[in-house]
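As you go down the protein sequences, you meet chains A and B in turn.
Residue numbers for the first sequence follow UniProt numbering, beginning at 1 and rising by one.
Residue numbers for the second sequence follow UniProt numbering, beginning at 1 and rising by one.
It is possible that part of the hints are untrue.
Covered by chain B, according to a simulated footprint, are these stretches of chain A (three or more residues, beta-carbon under 8 Å) [unchecked claim]:
(1) 52-60
(2) 102-112
(3) 206-214
(4) 270-281
Per label pair, the in silico range of CB-to-CB distance [to be verified]:
(5) A:W146 / B:N324: 46 to 52 Å
(6) A:E89 / B:Q224: 33 to 39 Å
(7) A:R67 / B:G476: 53 to 59 Å
(8) A:D58 / B:G379: 31 to 37 Å
(9) A:A45 / B:R404: 41 to 47 Å
(10) B:G379 / A:T107: 54 to 60 Å
(11) B:N362 / A:W146: 51 to 57 Å
(12) B:N362 / A:M137: 56 to 62 Å
Don't read these hints as lab results, they were simulated from the structure.
Keep in mind it's a predicted model, so treat the numbers as computed, not measured.
Beta carbons are placed, not taken as given, at the ideal position from N, Cα and C, and that holds for glycine.
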Amino acid sequence: MLRYLGTRLLGMAVVMLIVATLVFLITRLAPGDPAAMMLGEQASAADVARLSAQYGLDRPLPEQFGRWLMEVARGNLGHSIFLQIPVGEALLARAEPTLLLALLGVTLACAIGIPCGVLSAVWHGRMVDQAVTGVAMLGASMPSFWFGMLLMQLFAVELGWFPVAGYGNPEAPLFFEKLRHLVLPAVVLGVLNSSLIIRFTRASMLDVLSDDYVRTARAKGLPEVQTIVRHALRNALVPVVTVIGLTAALMIGGAAVTETVFGLPGIGSLVVSAVLRRDYPVIQGALLVIAATYVLINLGIDLLYMAIDPRIRY
Amino acid sequence: MTLLNKLRPPPRPARRRSLLALAGLALPVGAASTSGASGASGGTAQSGASANLAMIGEPQTLDPMASTSDLVGTIMQHVFETLYTFDARWRVVPMLAAGMPIQSGDGRHLAIPLRQGVRFHDGTEMVAADVIASLRRWMRLAPRGKTVAGEIVSLHAPNRYTLELVLRGSYAPLLAQLALPAGFAAIMPAATGDGPLQRFIGTGPYRFVERRADQYVLLRRFDQYSARAEPADGYAGRRQALLAELRFIPVPNPNTRIEGAMSGQFHYADQLPVEKLVRFDGQPQVRPVVTAPFGFPYAVLNTSAGILADQAMRQGVQAALNMNDIMAAAFGDRRFYTVEASHYPPGSPFHSDARASDYNQNNPDKARRLASQSGYRGGAVRLLVSKQYEFHYRIAMVIGSQLRKAGFLVDLQVVDWATLVQRRNQSALWDIYITHSVLLPEPVLAPPQLGSGAPGGWDSAAKRAAMERLNRLADGARRASEWGRVQALVYTEVPYIKLGSFNSLAACAASLRGYVAMPWPFFWNAGVAA
Numbered sequence: 001m002l003r004y005l006g007t008r009l010l011g012m013a014v015v016m017l018i019v020a021t022l023v024f025l026i027t028r029l030a031p032g033d034p035a036a037m038m039l040g041e042q043a044s045a046a047d048v049a050r051l052s053a054q055y056g057l058d059r060p061l062p063e064q065f066g067r068w069l070m071e072v073a074r075g076n077l078g079h080s081i082f083l084q085i086p087v088g089e090a091l092l093a094r095a096e097p098t099l100l101l102a103l104l105g106v107t108l109a110c111a112i113g114i115p116c117g118v119l120s121a122v123w124h125g126r127m128v129d130q131a132v133t134g135v136a137m138l139g140a141s142m143p144s145f146w147f148g149m150l151l152m153q154l155f156a157v158e159l160g161w162f163p164v165a166g167y168g169n170p171e172a173p174l175f176f177e178k179l180r181h182l183v184l185p186a187v188v189l190g191v192l193n194s195s196l197i198i199r200f201t202r203a204s205m206l207d208v209l210s211d212d213y214v215r216t217a218r219a220k221g222l223p224e225v226q227t228i229v230r231h232a233l234r235n236a237l238v239p240v241v242t243v244i245g246l247t248a249a250l251m252i253g254g255a256a257v258t259e260t261v262f263g264l265p266g267i268g269s270l271v272v273s274a275v276l277r278r279d280y281p282v283i284q285g286a287l288l289v290i291a292a293t294y295v296l297i298n299l300g301i302d303l304l305y306m307a308i309d310p311r312i313r314y
Numbered sequence: 001m002t003l004l005n006k007l008r009p010p011p012r013p014a015r016r017r018s019l020l021a022l023a024g025l026a027l028p029v030g031a032a033s034t035s036g037a038s039g040a041s042g043g044t045a046q047s048g049a050s051a052n053l054a055m056i057g058e059p060q061t062l063d064p065m066a067s068t069s070d071l072v073g074t075i076m077q078h079v080f081e082t083l084y085t086f087d088a089r090w091r092v093v094p095m096l097a098a099g100m101p102i103q104s105g106d107g108r109h110l111a112i113p114l115r116q117g118v119r120f121h122d123g124t125e126m127v128a129a130d131v132i133a134s135l136r137r138w139m140r141l142a143p144r145g146k147t148v149a150g151e152i153v154s155l156h157a158p159n160r161y162t163l164e165l166v167l168r169g170s171y172a173p174l175l176a177q178l179a180l181p182a183g184f185a186a187i188m189p190a191a192t193g194d195g196p197l198q199r200f201i202g203t204g205p206y207r208f209v210e211r212r213a214d215q216y217v218l219l220r221r222f223d224q225y226s227a228r229a230e231p232a233d234g235y236a237g238r239r240q241a242l243l244a245e246l247r248f249i250p251v252p253n254p255n256t257r258i259e260g261a262m263s264g265q266f267h268y269a270d271q272l273p274v275e276k277l278v279r280f281d282g283q284p285q286v287r288p289v290v291t292a293p294f295g296f297p298y299a300v301l302n303t304s305a306g307i308l309a310d311q312a313m314r315q316g317v318q319a320a321l322n323m324n325d326i327m328a329a330a331f332g333d334r335r336f337y338t339v340e341a342s343h344y345p346p347g348s349p350f351h352s353d354a355r356a357s358d359y360n361q362n363n364p365d366k367a368r369r370l371a372s373q374s375g376y377r378g379g380a381v382r383l384l385v386s387k388q389y390e391f392h393y394r395i396a397m398v399i400g401s402q403l404r405k406a407g408f409l410v411d412l413q414v415v416d417w418a419t420l421v422q423r424r425n426q427s428a429l430w431d432i433y434i435t436h437s438v439l440l441p442e443p444v445l446a447p448p449q450l451g452s453g454a455p456g457g458w459d460s461a462a463k464r465a466a467m468e469r470l471n472r473l474a475d476g477a478r479r480a481s482e483w484g485r486v487q488a489l490v491y492t493e494v495p496y497i498k499l500g501s502f503n504s505l506a507a508c509a510a511s512l513r514g515y516v517a518m519p520w521p522f523f524w525n526a527g528v529a530a
């Protein structure tokens with residue numbers, strides 16, 4: 001187990017180094033200039049050059065990369081050109097809405113996806129199955145911004161139940177108020193991501209329901225609900241957990257479109273803004289943290305397999 | 001009654017206004033009417049209320065001199081003020097200055113009297129030393145300030161409340177340059193310095209409280225504000241902070257701005273897509289605001305390098321264009337655009353028909369002939385555009401198609417705004433790019449191609465002479481006629497092509513009273529109904 005963990009952590013370090021290199025290169029090779037963006041329409045080339053020099057953007061790329069990597073190794077993700085604060089601080093400030101949104105979104109996706117997937121498998125080929133499969137396909141093909149706008153019109157404009165955008169008043173932070181702002185984006189993420197969970201749960205349940213041990217359980221006269229929930233579902237959950245984990249990782253990494261549409265000051269909208277502003281340190285730092293989150297969650301999923309299925313041991 | 005109607009909260013009482021009535025609220029450049037208080041009637045404003053104002057994005061900086069962005073100007077004009085400002089007819093009138101300058105006969109010496117007893121937000125009184133330091137900072141940092149710096153020989157204060165300027169020669173646009181709220185000559189305490197602003201201390205009706213990037217910029221009423229005595233008129237006259245707080249919220253998604261306004265979350269939503277006007281039908285809680293005319297889209301042509309460095313080629317491009325199709329594609333609804341040759345609308349002293357025949361030619365044969373004369377061999381015309389503004393993209397699509405019809409090979413390069421901004425400063429990388437400008441009252445203010453150093457590199461002896469003549473003339477009528485010659489030169493040398501004029505659409509909550517539509521929206525004298 002320890003050896004396995006050690007190997008995985010070493011692999012993660014290599015992955016992160018590759019990610020860091022790619023992120024740096026892609027960011028710098030893309031056209032656009034943070035200094036020109038900051039100074040606006042009529043800034044002269046000399047002004048842009050001066051501001052670029054101030055942030056060390058005129059230095060050779062290898063030198064910039066080396067310096068950044070050294071700072072990252074020391075735990076310093078750099079300083080935002082636009083926000084004028086350390087990148088770590090910017091990410092921390094944006095973490096709360098993103099984490100809460102991911103938590104709500106994943107919870108909702110599971111609450112919809114797993115029962116629907118189970119029902120679809122149990123009533124395989126019947127009306128329920130067809131309805132669930134159809135809805136799941138619809139969910140998978142619906143653009144999140146469009147679904148978000150629909151929800152806004154219905155629940156914010158027509159009914160006035162939820163706010164359209166933002167994250168409440170940061171000066172008087174009320175948790176309930178923040179939750180109100182998260183409901184609509186969480187529904188978008190939850191509903192749209194549930195379709196993947198439905199399909200995986202359904203497929204996995206169909207496999208498991210035809211296994212010998214399920215037939216044995218039924219032959220022993222166990223109630224159907226108990227057979228499905230305790231015997232079949234538990235084993236069927238292994239591939240589903242992978243999907244849930246990756247969905248959570250994507251959401252924590254920043255549900256960029258959803259956050260932007262709902263004006264949520266989360267990590268996703270921060271990355272989008274940073275790209276538009278060419279705020280290199282923020283783009284690099286945020287993508288690095290997102291990648292780290294992704295690989296850590298992947299590791300967590302692998303470890304979780306052992307808890308779900310005792311046959312799996314590393 | 002449908003279930004939705006039963007569940008919907010009752011709408012706030014408000015009068016519905018027609019678009020035409022609203023269009024009348026806007027402020028045509030040089031137009032006769034200035035009585036444009038939108039929603040001023042009916043309801044009592046709550047003095048303690050706050051307003052949520054949805055803007056198109058996050059301001060790049062809050063230093064009003066460091067960026068020429070309209071958004072920075074819109075927000076910070078509430079905090080900082082200028083010596084002069086514009087009234088509703090775009091006439092320059094005093095703001096922090098006590099009166100118009102006293103000028104010597106040759107126009108080179110100006111004495112500007114300052115108002116006394118005007119307090120900065122830190123409690124200190126504004127005196128001439130602060131104004132001089134501010135103008136020097138502006139002349140060092142701001143693009144417009146740098147232009148003005150070339151005209152100023154000296155700047156000094158004979159006493160605490162007077163400023164004296166000595167100019168190189170008579171310079172007619174000076175006061176308009178000092179009045180413009182974009183990249184503006186904001187007056188701040190002398191101790192501010194040239195570095196990045198740490199504190200935003202102005203004299204405006206609102207003081208800066210807090211900025212949370214991508215969440216809001218919060219301004220609060222300045223209780224010691226020294227208002228002018230004259231009645232409010234455009235940006236000029238008495239400014240009253242009726243609202244206790246202004247919260248400028250960046251909402252980059254235009255649909256979210258609209259829905260936020262419809263739901264009552266935002267009291268004002270800026271710059272909405274004009275095709276969304278129908279969303280306001282039957283919605284008593286929100287009303288559309290049209291600012292007409294707002295600005296003009298234009299195509300900048302590269303005069304310094306590439307395939308269009310040749311004048312006949314640029315004239316060929318100009319001949320190929322059909323502005324009716326371009327403007328229709330860009331704005332759709334005729335109520336939101338006009339197709340006209342004059343750079344200034346009827347009613348403006350600068351309205352001119354000079355070389356109007358070169359506008360909207362829609363003549364592919366002539367375009368082909370001109371291209372052939374210049375030796376065009378079918379090289380690609382690189383047309384640069386971003387989707388930052390959807391209408392830019394639609395314009396580029398139509399221009400591309402019209403140029404192809406005239407025999408040009410077109411390389412349409414759709415990039416993001418940051419890329420466009422970078423590429424247009426490198427003359428080797430492009431031939432045409434699409435942009436737009438707010439319509440400003442003084443020709444030298446826009447577009448930047450009329451000045452020096454702007455993308456496209458337009459610099460000819462004829463241009464220098466024409467602009468020099470225009471800028472040295474003080475007499476209004478002679479300036480208007482001189483402007484006609486500049487407009488004719490633009491149609492001849494084709495450094496840019498004005499495509500038409502357009503109106504902008506915004507939305508106001510019915511509860512927001514006293515809002516007056518101007519290109520840089522402002523919220524003093526506006527209140528929320530009780």
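Against the structure, the hints:
1. 52-60: This one is violated; 0 residues, fewer than the three required, reach chain B with a Cβ under 8 Å.
2. 102-112: violated (count 0)
3. 206-214: Per the Cβ count (0), the hint is violated.
4. 270-281: Coverage by chain B holds for the segment 270-281 of chain A (5 residues, Cβ < 8 Å).
5. A:W146 / B:N324: 46 to 52 Å: violated, 33 Å
6. A:E89 / B:Q224: 33 to 39 Å: holds, 34 Å
7. A:R67 / B:G476: 53 to 59 Å: holds, 57 Å
8. A:D58 / B:G379: 31 to 37 Å: holds, 33 Å
9. A:A45 / B:R404: 41 to 47 Å: This hint is violated: roughly 33 Å between Cβ atoms.
10. B:G379 / A:T107: 54 to 60 Å: holds, 59 Å
11. B:N362 / A:W146: 51 to 57 Å: violated, 38 Å
12. B:N362 / A:M137: 56 to 62 Å: violated, 48 Å
Hint violations for this structure: numbers 1, 2, 3, 5, 9, 11 and 12, all remaining hints satisfied.
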